[in-house]
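Trainee: The lines below spell out each chain.
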Amino acid sequence: MKEEDMNHLRQQDQNLRDALCQEEAALPQMPADLNARLMQRMESDQPKHSRTMWRWMAVAACLLLIIGIGYTLLPKEQQDEPLVAQHETECQKQEDMPKTEPEPQAEEPQQQLAKAEVKPSQKPVKKQRKVVTKLVELIPASEAESTNMKTLPSSVIDKVKAYDQQSDLSRTTGIDDTDPLVAMAVQVEDIRQRGKRLEEEITAFMNN
Amino acid sequence: MTETEVSLIAGLQRQDRSAQQQMLDSYGRDVFAQIARLIPGIEDAEEVYQDVFVKVFRNIGKYDAEKSSLRTWVSRIAYNEAISFLRKSPAAVISYDDNGIDAYALTDAEVEETFGQPNAETVQLIRAALKHLPPDERAIITMFYYEEMSLKEIAYVTESIPTTIASKLSRTRRKLCRIIKMIQS
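Chains as they are written, first to last, in my numbering: chain A, 1 to 208; chain B, 1001 to 1185.
No lab work stands behind these hints: they were computed from the structure. Quick reminder that beta carbons are idealized off the backbone N, C-alpha and C, glycines included. Check the hints yourself; a few may be wrong.
Derived DEER-like restraints, expressed as beta-carbon distance ranges [what the hints assert, rightly or not]:
1) B:1080 x A:66: 36 to 46 Å
2) A:60 x B:1127: 51 to 61 Å
3) B:1109 x A:41: 29 to 39 Å
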């Protein structure tokens, strides 16, 4: 319906307008002091508002203070944290592990392993311009797995580094080729031969 | 916008007490009547009235003179406050529902006769029928017939569009007529 039609309708519906006028007249009157009460409320709301503002400002200041303190203490905490964590882990480890008395005798095989016997080689070996006069003899793993190893206390287990004596090939073929002495002797011989060949070549070149 | 309105708005924006008092003197009575039409209890109406003006004074910065007059803007706030109060209030508003009732089917001529031909008895019947209308429909009828607001202004107050208001008015008019027939029977 258009605006003009609606305006015409408004003029036409006389009974409806009269009814609404009577209804309006019957409405309760506005209390005379209502505006005064409203103004009072507005005034009383003002300090409440400012009080709320102060409260929020105090909360904000506290938060800033906490953040500031946290910021200054944070690097220290970060440094200390791993130590504390490590300490706890150690304690937990010790608590979890079965308690065994330390046996001083068990330390001896460890020391023996560390002090490997040194045996002089037959001839000096040139390697990377350094003359090696001594070869370190390694003790085979089979010997290390003797009765001394079995008497080691559980507390030193993490210090023992075991290696597999057999290679994958020997495991599949069944032929033992992993004697460290044999392997090393072969390597030394090979180096010696290469050195000899090189010397011969240089001599031949110089002569020519 | 008149010069008085401009200075009033400027005063309200400064939160000036005298400007607020002037606003209450100028618009207070109409706003209270608008609220009292929708909300039956006077105490509730007073509470909503205070809330309306607190909102007006606090949000005067949001008022856009290009969109509406100051009166219409205040009227919109009052309408919304009253409607939201009614939604929140536990007391249910009993209103006439004419969905699917064909027992009182009316012709246009009958409707025009009911509202057009001056008759004191019909006026009383219309007053009785108005009480059975839902608050929003009654508000629209009052804004259009009594306050003589344009469809655009009513649409602004009720947050609707003029064509919807026109069809709502037409529907409410027929509804009123049907209620009158029901009362008569």
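Trainee: Taking the beta carbons of residue 1109 (chain B) and residue 41 (chain A), is their distance inside 29 to 39 Å?
Mentor: violated, 53 Å
Trainee: Could one say that the CB atoms of residue 1080 (chain B) and residue 66 (chain A) fall in the range 36 to 46 Å?
Mentor: Between residue 1080 (chain B) and residue 66 (chain A), where Cβ atoms are some 42 Å apart, the hint holds.
Trainee: Go ahead and decide if the range 51 to 61 Å is satisfied by the Cβ distance of residue 60 (chain A) to residue 1127 (chain B).
Mentor: Hint holds: Cβ distance 58 Å, inside 51 to 61 Å.
Going down the numbered hints, you'll see the structure goes against just number 3.
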